[in-house]
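2 protein chains.
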Amino acid sequence: MESPDGRKRVVIVGGGFGGLNAARKLSALPLEVVLIDRRNFHLFQPLLYQVATGGLSPGDIAAPLRSILSRQKNVTVLLEEAISIDPQRRALQLSNGELGYDFLVLATGAENHYFGNDHWAAFAPSLKTIEDATAIRSRILVAFEKAENESDPEIRRQHLRFVVVGGGPTGVELAGSIGEIARDTLRGDFRRIKPEEAQVLLLEYGPRILASFEPGLSDKAVRSLIGLGVLTRTGVKVVDIEEGALTVATAAGEEKIRASTILWAAGVRASPLARQLGEALGVEVDAGGRIRVEADLSVAGAPEVFVIGDAAWCEQEGKRLPGMCPVAMQQGWYLGKAVEARLRGRKAPPFRFRDKGTMATIGRKAAVADLGFVRFGGWLAWVAWLFLHLLYLVTFRRRVIVAMQWAFQYVTFNRGARLIERRSPRV
Amino acid sequence: MESPDGRKRVVIVGGGFGGLNAARKLSALPLEVVLIDRRNFHLFQPLLYQVATGGLSPGDIAAPLRSILSRQKNVTVLLEEAISIDPQRRALQLSNGELGYDFLVLATGAENHYFGNDHWAAFAPSLKTIEDATAIRSRILVAFEKAENESDPEIRRQHLRFVVVGGGPTGVELAGSIGEIARDTLRGDFRRIKPEEAQVLLLEYGPRILASFEPGLSDKAVRSLIGLGVLTRTGVKVVDIEEGALTVATAAGEEKIRASTILWAAGVRASPLARQLGEALGVEVDAGGRIRVEADLSVAGAPEVFVIGDAAWCEQEGKRLPGMCPVAMQQGWYLGKAVEARLRGRKAPPFRFRDKGTMATIGRKAAVADLGFVRFGGWLAWVAWLFLHLLYLVTFRRRVIVAMQWAFQYVTFNRGARLIERRSPRV
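For the protein sequence lines, the chains are A and B, in the order given.
At the far end of the first sequence sits residue 574, using our numbering, and the numbering has no gaps.
At the far end of the second sequence sits residue 574, using our numbering, and the numbering has no gaps.
Treat the hints as calculated values from the structure; they're not laboratory data.
All values derive from a computational prediction rather than experimental measurement.
Where hints are given, some of them may not hold.
All copies of an identical chain are treated as equivalent in the list; a pair is satisfied when it fits inside any one copy or across any two copies.
Computed list of lysine-lysine pairs in BS3-like fashion (alpha-carbon distance at most 30 Å, straight line) [said to hold, decoys possible]:
id: 1; residue 1: K155; residue 2: K503
id: 2; residue 1: K172; residue 2: K384
id: 3; residue 1: K341; residue 2: K484
id: 4; residue 1: K172; residue 2: K293
id: 5; residue 1: K293; residue 2: K275
id: 6; residue 1: K220; residue 2: K503
id: 7; residue 1: K466; residue 2: K155
id: 8; residue 1: K384; residue 2: K220
id: 9; residue 1: K484; residue 2: K384
id: 10; residue 1: K384; residue 2: K403
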């Protein structure tokens, strides 16, 4: 299945951190590279919560894939949806036709997971796409508007109660930002309510938030959150979610919490293509829907198929690598070497993830960072977070615009993109 | 109908240029001011076409009304829809209750008008709201994607044909920007099509485009448009629009033009509240749905009701003032004086519109300006346009961000906000 000029074709499914970096590296090889994505842009997911909380605009964190890869003339971007993989025939079923490959890179990432309660999604949206972010932004702003218009004090309190389920980095960043909106951004904007009286609850099933960090940093995060008016509750299991309320089970029994805004940040699962591939090849798939990969990120029984990022179950020293940006990026880079070796009939040395640390921000000027050799919190961690995220923003233009938006937000406490869009619930 | 502390209540309907500036001026008087809008933001309409063409993000040109008026403590912003006015009872029917007033300012602006062919809206969307802008942006970008995926050369040409109906400033700016997207922004992004081969048609019913400008400037605009690959056709009447095609009548007879993207910029009409008020008071309403106002912008028979902006039929020296930003802004400012005089039992001197000139941009570095005492085109007009628009952007933050985006766009030919959002037609 060679292209007209005899070059082999590598098809990459997904233009996230893994797929985009794979495309960049693979474009340096004598290959025909096809990058398939349902969307026309690469999304800088780590800053998505800032769109959801009105600090940034969608355009600030989304860069057109065609534009990013414009100069890589052997890369074709295809705006298409991949439906299924036929590894025997080395073909990809698209929503609009079929595409053969010599090498396949599956980088389809993860989607939200409600653990068998998909109907909760309507009452507790989660944050994965640009549309999720603008919808959540509208929901948060509409809640304050409803509170302003409400005379019943109990219902008003419900409008001013925000519950975030899930104490991972996304949940912590969301809860911290909502606290900040209430305390700083909206201060003085209303006439009947005091936005700073809003109650933000962060619920976590496990014994502590930010479980992937050191316990000391979890404690720091909890204290920073308290400063933003966010109450953290751990050991809380969500039993049911309905419109405007959720039922939780704690050591003390069941409890119903009424809140107009409930956000879900409790879990993700690999996109369905990973499972489909696993079934087609008889390769193991874990509970999170991730397909097991070999040391060089290929799949057992199909050495021309590689899986990276959140779709891959990749073990290192007996531990599964977490679904994080840096893992996906490094795996994307590695594929350049892996495919080059394969073209020469060799096998590349195994992929090694180099952990440069993890970080999470909590509002205006606090963060926690765990760089392996050093762990720190507070203002310094926040500045480090800022620089790192700017560094990884795809285009220089976006770096500058986002830096400006942050500078204004820092100085003025204001948020630029506080639009209630039409798809949102009407007041 | 006085507020608890005895101050009279002025209700302003609409937070556009007229209503917002009225709120600012009126807040200086000892009044209770209520500003009602369906949306939570003030929209800088003159730059909306830049959102539709991917140059700016919605958040760049929309500022939250609450935030703008945060320090005017006697101003309450109400996120509500006004349904009808009862001038006899001095009451406003809202979608959620009723509100009495001592003074009423109707500043509800205009909406799109298809001259009795509302079903055309589905095939030829127009540009009035933020949602219109992001939908048009998606439509334009999707057309290029479809062309890239199409093998039939005739259908591909249809995908690469863009028709803008209406040669006023909005139509000219839209057509010029699409020409620029095709020629510069997307150059090199595709592998099978050449975006610069896109055909952009600007259709005008009258004998020339930019009819409100001097004929010499219309000619300049046509030449600038040619440089961007935009073909202008005048004396063209649209007879029918269907999915992917429009039928036009010219001196030479009827003709069918097939194009995937048809945009409507041919007409607006005052929002329905103006007509309803006219009927309730027996005051004349013109063909554009605007209600006739007196010299001090009040309505005959209801001296406590003022109408400003696109909802008002306001004559000066026997000529109707056009529906333009500067008119609405100056009328908003004037209301401060008009209501103050009324509070003292007097009548204010008549409103006088001071025409500071009109401008329109055509792509990257051309514009036409008519400042009354001087008319000019080209690069100088473009720079003047740039400064004026930055000056009037509501908040300092937005001024800087927009200036940055423009600077990048000018230097790199790139556009930051090229997102195809989900609501858009799928490829």
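- Message: Regarding K466 and K155, is the shortest C-alpha distance of 30 Å or less found within a copy, between copies, in both, or in neither?
- Response: Neither way: K466 and K155 sit 34 Å apart in one copy and 71 Å across, limit 30 Å.
- Checking K155 and K503: alpha-carbon separation at most 30 Å within a copy, between copies, both or neither? neither (34 Å within a copy, 63 Å between copies)
- At most 30 Å between C-alpha atoms: does K484 with K384 qualify within a copy, between copies, both, or neither? neither (44 Å within a copy, 61 Å between copies)
- Query: How do K384 and K403 come out at 30 Å by Cα distance, when the copy is not named: within, between, both, or neither?
  - Reply: within (12 Å within a copy, 63 Å between copies)
- Intra- versus inter-subunit Cα pairing at 30 Å for K220 with K503: Neither: 32 Å inside a chain and 50 Å across chains, both beyond 30 Å.
- Is it within a copy, between copies, both, or neither that the alpha carbon of K172 lies no farther than 30 Å from that of K384? neither (43 Å within a copy, 53 Å between copies)
- Message: When Cα atoms must be at most 30 Å apart, do K293 and K275 count as within-copy, between-copy, both, or neither?
- Response: Close inside one copy (26 Å) and across copies (26 Å); limit 30 Å.
- Up to 30 Å between alpha-carbons, please classify K172 paired with K293: within, between, both or neither. This pair counts as between: shortest inter-copy Cα distance 28 Å, intra-copy 50 Å.
- Query: Given a CA cutoff of 30 Å, do K384 and K220 count as a within-copy pair, a between-copy pair, both, or neither?
  - Reply: Classified as neither; 51 Å inside a copy, 44 Å across copies.
- Up to 30 Å CA-CA - K484 versus K341, copy category: Neither. Shortest intra-copy (57 Å) and inter-copy (33 Å) distances fail the 30 Å Cα cut-off.
The structure does not agree with the numbered hints 1, 2, 3, 6, 7, 8, 9 stated previously, though it agrees with the rest.
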